Amino acid sequence: MKNRRNRILAAPYVGWMAVFVVIPLFLVVLYAFGFDSKEGFTLGNFTQIHQYAGIFANSFVLALFATAICLLLGYPAAYFLAREVPAVRRLATIIIMLPMWMNFLLRTYSWMSLLENTGLINRFLRAIHFFDLFGPEKGYFTMINTPGAVVLGMVYNFLPFMILPIFSVIDKIDNRVIEAAQDLGADSVTVFSRIIFPLSLPGVLSGITMVFIPSVSTFVISKLLGGGKTILLGDLIDMQFYGSTYNPHLGSAISLVMMVLVMAAMALMNRFGAGEEEAMLF
Amino acid sequence: MAKELIRLSDCVMKFDDDIILDHINLYINNKEFLTLLGPSGCGKTTTLRIIGGFQTPTSGDVFFDGKRINDVPPHKRKINTVFQKYALFTHMNIFENVAFGLRIAKVPWDELKQRVEEALALVNLAGYGKRSVDSLSGGQQQRVAIARAIVNRPQVLLLDEPLGALDLKLRKDMQVELKRIQQQVGITFIYVTHDQEEALTMSDTIVVMNQGRIQQIGTPTDIYNEPKNAFVADFIGESNIIDGVMLSDGVVRMYGKKFQCLDSGFSPNEPVDVVIRPEDIDIVSPDQGQIHGVVTEVTFKGVHYDIIVDFKGFKWLIQTSDYSPVGAYIGVKIDPDGFHIMKKSQYSGQFGDYSSYSAEYDELNEEPGEQEAGDEE
Chain A
1 MKNRRNRILA APYVGWMAVF VVIPLFLVVL YAFGFDSKEG FTLGNFTQIH QYAGIFANSF
61 VLALFATAIC LLLGYPAAYF LAREVPAVRR LATIIIMLPM WMNFLLRTYS WMSLLENTGL
121 INRFLRAIHF FDLFGPEKGY FTMINTPGAV VLGMVYNFLP FMILPIFSVI DKIDNRVIEA
181 AQDLGADSVT VFSRIIFPLS LPGVLSGITM VFIPSVSTFV ISKLLGGGKT ILLGDLIDMQ
241 FYGSTYNPHL GSAISLVMMV LVMAAMALMN RFGAGEEEAM LF
Chain B
283 MAKELIRLSD CVMKFDDDII LDHINLYINN KEFLTLLGPS GCGKTTTLRI IGGFQTPTSG
343 DVFFDGKRIN DVPPHKRKIN TVFQKYALFT HMNIFENVAF GLRIAKVPWD ELKQRVEEAL
403 ALVNLAGYGK RSVDSLSGGQ QQRVAIARAI VNRPQVLLLD EPLGALDLKL RKDMQVELKR
463 IQQQVGITFI YVTHDQEEAL TMSDTIVVMN QGRIQQIGTP TDIYNEPKNA FVADFIGESN
523 IIDGVMLSDG VVRMYGKKFQ CLDSGFSPNE PVDVVIRPED IDIVSPDQGQ IHGVVTEVTF
583 KGVHYDIIVD FKGFKWLIQT SDYSPVGAYI GVKIDPDGFH IMKKSQYSGQ FGDYSSYSAE
643 YDELNEEPGE QEAGDEE
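Chains as they are written, first to last, in my numbering: chain A, 1 to 282; chain B, 283 to 659.
Do not take every clue at face value.
Claimed, not checked - Lysine-lysine pairs mimicking DSSO-like chemistry, simulated, CA-CA at most 30 Å apart:
1. A:Lys172 with B:Lys358
2. B:Lys461 with B:Lys360
3. B:Lys412 with B:Lys360
4. A:Lys172 with B:Lys412
These are calculated hints, taken from the structure and not from any lab test.
Please read all numbers here as calculations on a predicted model, not as lab measurements.
Can you make the complete structure from the sequences, with help from the hints?
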């Protein structure tokens with residue numbers, strides 16, 4: 001009875017997934033292997049990819065940087081948030097979520113106007129005669145159109161996805177477990193390193209996943225803040241479908257390779273996460 | 283041999299304006315099994331948490347071995363705690379759970395391994411080291427929690443309703459087990475429970491608490507046989523508590539009749555509470571009885587019958603192996619040592635009447651283990 005009802009309730013979502021996720025994915029595979037072309041099955045699209053190795057590396061490095069910065073900023077934030085009184089927590093959660101109520105593009109555009117050579121930050125620095133320290137020819141800092149700006153955009157946009165899962169895991173740790181550790185002689189540093197951090201690892205893993213994946217595949221951030229100088233995988237794929245180099249077969253192949261690489265990275269990390277737990281045991 | 287180890291001196295605990303502990307004075311001897319007993323919200327858990335260092339009293343001092351330890355944090359006290367619901371570390375296996383304190387104390391591996399294995403053997407869990415916490419039953423997890431505390435060789439072990447989550451049979455086994463462990467390791471146990479039977483079974487000393495105050499401190503037999511007031515008499519076991527007047531030493535009057543008793547030391551004609559335990563009453567034929575009443579209820583309890591008898595509107599509980607039918611007119615006889623006389627207290631008149639007998643039994647049979655509303659932070 002209950003099973004059947006559950007199945008009926010799940011049906012709309014399963015249908016949605018099938019039509020808009022599974023079938024497109026299947027089509028991507030078809031395109032990538034060239035099943036729809038006259039020549040039929042080919043690996044040609046994949047063999048071309050090696051020339052884009054630099055872009056792959058770039059994407060992964062920038063996404064790793066962004067994820068690491070998010071973790072360094074997000075973990076302490078989540079940790080202290082979880083120990084706050086409910087009123088502060090509610091307020092802080094709203095502040096963390098607030099930017100997400102605004103359109104993603106809009107947010108990224110506003111970073112453009114902040115970082116531009118004639119943007120708000122440079123204008124402010126000029127107004128306080130900060131550039132005079134560097135000699136007469138210095139008129140602005142180059143911030144926009146650098147890899148740094150791209151990483152900044154990633155961190156800014158995806159930081160909440162790091163904080164929230166870590167927060168919710170730390171929040172659920174039973175206070176008695178912490179008291180038990182104190183009782184057994186652990187000072188606050190030991191309580192953190194031996195109890196709270198290991199117990200919060202699932203949140204850290206899901207935070208890393210939720211920041212790394214959108215970072216590695218973004219094209220809006222790199223386009224707007226990287227100014228076409230920092231080409232990432234997202235841009236590369238975008239170009240194959242809507243750009244000058246129209247080639248959906250290659251685009252599909254790149255998408256597929258990126259997907260496999262990301263999945264491998266995630267699997268590796270989860271393995272590492274599980275290993276971490278083992279490491280605490282022996 | 284009885285050396286004082288812990289002293290609570292005039293401890294008061296307030297949360298906002300709620301008084302949780304009201305001037306508690308208590309000393310605890312070395313190697314003693316002491317139980318803090320009382321209903322939910324009586325302050326027993328708070329007392330334990332103060333000794334453990336998890337809470338600081340609003341006023342008053344805590345001494346350990348003669349030294350004031352109010353400001354010593356939990357990890358620096360030679361006291362370990364077995365928590366309600368165990369609070370095991372789910373990300374470690376059983377061995378590492380037990381080894382936790384020793385690892386922090388940087389005990390060398392050989393000694394650590396040996397001590398952990400000894401502790402696990404002590405709680406009958408030898409060979410369980412590699413198992414995960416989730417794979418153990420409630421009773422086994424409880425024993426891991428005990429091993430985890432005991433392996434550190436604390437001078438005092440605090441136990442906060444450790445058996446509350448277990449079923450009755452397991453609870454009884456664990457009571458015996460705990461007592462055995464305490465005697466084997468020879469350290470002080472401070473045990474918190476609301477279960478009077480648990481307290482009577484295991485303790486050397488029982489501290490009965492209610493509404494943030496200590497009602498009575500004594501051995502289990504003292505507490506049972508010589509309760510100080512109606513609250514204690516009612517909370518520990520079953521009691522009929524009747525208004526009486528102490529005429530002179532050894533003579534008490536109730537129901538307009540004089541009875542012989544063994545108590546003395548009251549002023550002449552002092553109003554008192556008379557406690558008569560249900561098992562100290564003999565049912566006899568009406569002509570032999572000291573007082574007479576009518577049976578209103580009979581419940582078979584296995585070893586005995588619970589018989590409710592109406593004596594002039596005040597209902598008594600009598601426990602006897604002799605059956606009397608409902609409606610029977612009976613006499614009862616009470617030996618002089620069956621009486622216990624108490625001075626009047628704030629609790630007089632609140633307890634000891636079995637008019638609402640069945641309701642009370644329902645309450646007693648309630649599953650324990652619910653949270654202590656008043657004791658939680």
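Is the hinted pair Lys172 (chain A) and Lys358 (chain B) satisfied, with a Cα-Cα distance of at most 30 Å? Holds, at about 26 Å.
Holds or violated: Lys172 (chain A) to Lys412 (chain B), with C-alpha atoms at most 30 Å apart: 26 Å, holds
Decide if the proposed pair is consistent with the structure: Lys461 (chain B) and Lys360 (chain B), CA atoms, cutoff 30 Å inclusive. Answer holds: Lys461 (chain B) to Lys360 (chain B) is near 21 Å, not above 30 Å.
Is it true that the CA of Lys412 (chain B) sits at most 30 Å from the CA of Lys360 (chain B)? Holds: Lys412 (chain B) and Lys360 (chain B) sit about 28 Å apart, inside 30 Å.
Checked against the numbered hints given earlier, the structure satisfies every one of them.
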